[in-house]
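Top to bottom, those sequences are chains A and B. Count the first sequence with UniProt numbering and you get residues 1 to 537, in order. Count the second sequence with UniProt numbering and you get residues 1 to 173, in order.
Hints are supplied without guarantee of correctness; some may be wrong.
[Stated by the list, open to error] Facing chain B, a subset of chain A residues (Cβ under 7 angstroms, in silico):
hint	residue
1	P453
2	L454
3	L457
Since the hints were derived computationally from the structure, they do not count as laboratory data. Cβ coordinates follow ideal geometry from the N, Cα and C atoms, glycine included.
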Amino acid sequence: MSPVAEKDRAVVQLLLDAGTCPRCVLRFCSVGSQLLYRHPQQDLLKDLQEFLKNSQEKEGPVCLEVADPPCKRLRLEHEEEGADELNHNGAIPQLPSAGNTGNTGNTGLDSSAGRVCNVCLGILQEFCEPDFVKKVCQKVNSADYQFTSFVFSVSLPPQLSVRERAAWLGVKQQMRNLGLPLAKDDIVQLKEAYKWIIHPQLAEELGVPADGKSLFEVSVVFAHPETDEECHFLATACPDCFKPAKNKQSVFTRMAVIKALERIKEEDFLKHFPCPPSSPKNLCDALEIQCNNGAVFVAGRYNKYSRNLPQTPWIIDGERKLESSVEELISEHLMAEFKADSFNFSSSGREDVDVRTLGNGRPFAMELVNPRRIHFSAEEMKRLQQAINDSSDKIQVRDLQLVTREAIGRMKEGEEEKTKTYSALIWTDKAIQREDIAFLDDIKELRLEQKTPLRVLHRRPLAVRCRLIHGMRSEYIDQHHFRLHLRTQAGTYIKEFVHGDFGRTKPNIGSLLNRTADILELDVESVDVDWPPSLAD
Amino acid sequence: MAEGAAGPGGAERYFTRWYKPDVKGRPCEDFCVLQHSNRICVITLAEAHPLLQSGKTIKNINYQISANCSRLQNKVSGKSKRGAQFLTELAPLCRISSSDGEEYTIYSCIRGRLIEVNENILSNPALLQEKPSTEGYIAVVLPKFEESKSVTQGLLTQKEYEEILMKRRSSAS
Ligand SMILES: [Zn+2]
Numbered sequence: 001m002s003p004v005a006e007k008d009r010a011v012v013q014l015l016l017d018a019g020t021c022p023r024c025v026l027r028f029c030s031v032g033s034q035l036l037y038r039h040p041q042q043d044l045l046k047d048l049q050e051f052l053k054n055s056q057e058k059e060g061p062v063c064l065e066v067a068d069p070p071c072k073r074l075r076l077e078h079e080e081e082g083a084d085e086l087n088h089n090g091a092i093p094q095l096p097s098a099g100n101t102g103n104t105g106n107t108g109l110d111s112s113a114g115r116v117c118n119v120c121l122g123i124l125q126e127f128c129e130p131d132f133v134k135k136v137c138q139k140v141n142s143a144d145y146q147f148t149s150f151v152f153s154v155s156l157p158p159q160l161s162v163r164e165r166a167a168w169l170g171v172k173q174q175m176r177n178l179g180l181p182l183a184k185d186d187i188v189q190l191k192e193a194y195k196w197i198i199h200p201q202l203a204e205e206l207g208v209p210a211d212g213k214s215l216f217e218v219s220v221v222f223a224h225p226e227t228d229e230e231c232h233f234l235a236t237a238c239p240d241c242f243k244p245a246k247n248k249q250s251v252f253t254r255m256a257v258i259k260a261l262e263r264i265k266e267e268d269f270l271k272h273f274p275c276p277p278s279s280p281k282n283l284c285d286a287l288e289i290q291c292n293n294g295a296v297f298v299a300g301r302y303n304k305y306s307r308n309l310p311q312t313p314w315i316i317d318g319e320r321k322l323e324s325s326v327e328e329l330i331s332e333h334l335m336a337e338f339k340a341d342s343f344n345f346s347s348s349g350r351e352d353v354d355v356r357t358l359g360n361g362r363p364f365a366m367e368l369v370n371p372r373r374i375h376f377s378a379e380e381m382k383r384l385q386q387a388i389n390d391s392s393d394k395i396q397v398r399d400l401q402l403v404t405r406e407a408i409g410r411m412k413e414g415e416e417e418k419t420k421t422y423s424a425l426i427w428t429d430k431a432i433q434r435e436d437i438a439f440l441d442d443i444k445e446l447r448l449e450q451k452t453p454l455r456v457l458h459r460r461p462l463a464v465r466c467r468l469i470h471g472m473r474s475e476y477i478d479q480h481h482f483r484l485h486l487r488t489q490a491g492t493y494i495k496e497f498v499h500g501d502f503g504r505t506k507p508n509i510g511s512l513l514n515r516t517a518d519i520l521e522l523d524v525e526s527v528d529v530d531w532p533p534s535l536a537d
Numbered sequence: 001m002a003e004g005a006a007g008p009g010g011a012e013r014y015f016t017r018w019y020k021p022d023v024k025g026r027p028c029e030d031f032c033v034l035q036h037s038n039r040i041c042v043i044t045l046a047e048a049h050p051l052l053q054s055g056k057t058i059k060n061i062n063y064q065i066s067a068n069c070s071r072l073q074n075k076v077s078g079k080s081k082r083g084a085q086f087l088t089e090l091a092p093l094c095r096i097s098s099s100d101g102e103e104y105t106i107y108s109c110i111r112g113r114l115i116e117v118n119e120n121i122l123s124n125p126a127l128l129q130e131k132p133s134t135e136g137y138i139a140v141v142l143p144k145f146e147e148s149k150s151v152t153q154g155l156l157t158q159k160e161y162e163e164i165l166m167k168r169r170s171s172a173s
């Protein structure tokens, strides 16, 4: 039973003669059976040749021996290996090699079975063979990822779209010449056919199913240097589509080429590009085989007990000012355990380098990019938290847990609305008695006008912001010192509320006490954001 | 004398003090530039300035420095402080007259962009004399990033300024 319909005979004939592989022939005949594409390509070729022969017998001789001159020459080169043998097993002894940008030495061989396809440049040929599948899987396995499914992505050289178009126009022309009805433009996409063939093989070899929604991505980048210049005529025909863009090496991106192909007129295309496309000497190169695991998110709360520890690395003009940071003390353990490529740290607000964060700590989240390890039990997370806490007395972490990307938004939501409580150690120039500061405890919802503090004015816009001090409680220490506990609206600059910042925060502790006041120490007592959920010990 | 720098650190703990004495050849018309480690500068009167001496009463402070330029019109927007008036070293910031009929011009002393002027001293001129180096400041100026070091090169350090004050005292006595 033939895979193709009788009406497609001319198309099959045309494409096979031009050096198109049997799977691409099926694509152009709109064959939608996934199973069929998985048949060995030499069997498919035999079936197609059989189909042509039968039709031939019915409708008269068709020359099957149309060979391009380059093919004749190649045939001679390979005569020693025995044309017969090649005809039968169709296998090409050389394998495509990954990471090799040069000519891998794969050449077109005798007969259509051995020639590099003039449309897919070998994608539906050698790159569907078990040896290539093995090569991909070796790469995946050696990278040591945890995954339960995979998604396979392919990047094809842009000139493949040009060749695909040329082949299609050839088919169209042929049909027109023969006065045959033209099927709609519904050929099977190359990528789709490739996935039909390679997915089951990868799934078998990796032991997990293919899943379009999987977070574990295996990607292969193909290139075909021999035909790279084939896109260039499009730039003259359609200059609008090829604008130089940052971070792109070449203007001939796949998207730009596809756009140009949509715009260019058929006759202009045919003027510049051979139809059907010529047979290439070499197969594609599999330039890169890469794995990427979707990011994993870890959240928790941290305490900071040091007044010499910034939240994130403090580097000015490339020079480190302090040896560590909260971010680094936490991330080094997470990076090592999750075996990630990099991380992104975020938190609900931040404290200055000389400010401690006490109480239940400050919510934070860490995005771990491309982690090798992703499965952690609650017990393992607890051990990880313990390891962080054992390694430094400058910080402590609690409620360490795996969270979703979406949940992190809740940490930022709380940032602006929630109240914060602080404790400040304050000095005054003129002596104070207990009764001088007692009135502070009675002030409720004190409205401040704060100009952007001078200490951050170089990097923030100048503005006057209204902030509320919800309440205060003072603790007298001696004639020049007292401690003040404050409950404030998020975003209040506490240091400026104490010393006044050249009178730019009004009122301030100095103006309230009618003295010069300064802040000696500041602690964050609590950050009232109820995320992440607290965990039992 | 007016209250000087605050006690254990003060709001000025991150500021370096620079001085420019006898500006435009006018004796004792000294100014102080407080430069923050983030390059922001606050321009103030230095303690020896005639306006801070006992017996002086401030009559008027005027930020309108010419017919078509008022420092009160200065508006900055965004992180990059677009729209700021640009100041050269001897750009006047304001003129202050005292009840004895004298008028003093306050100069920027450094090149940079005017970020804000102190409007509090308009309604409460006494601030200028009571707290000249904090709440009685004149203006905030932001030097260009690449000039943040060089803008203070022609100015005196606190130590050098104190030596000048000593010399003035000894020549007066
Ligand atoms: Zn093909």
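field: Ascending list of hint numbers which this structure does not respect
entry: 1
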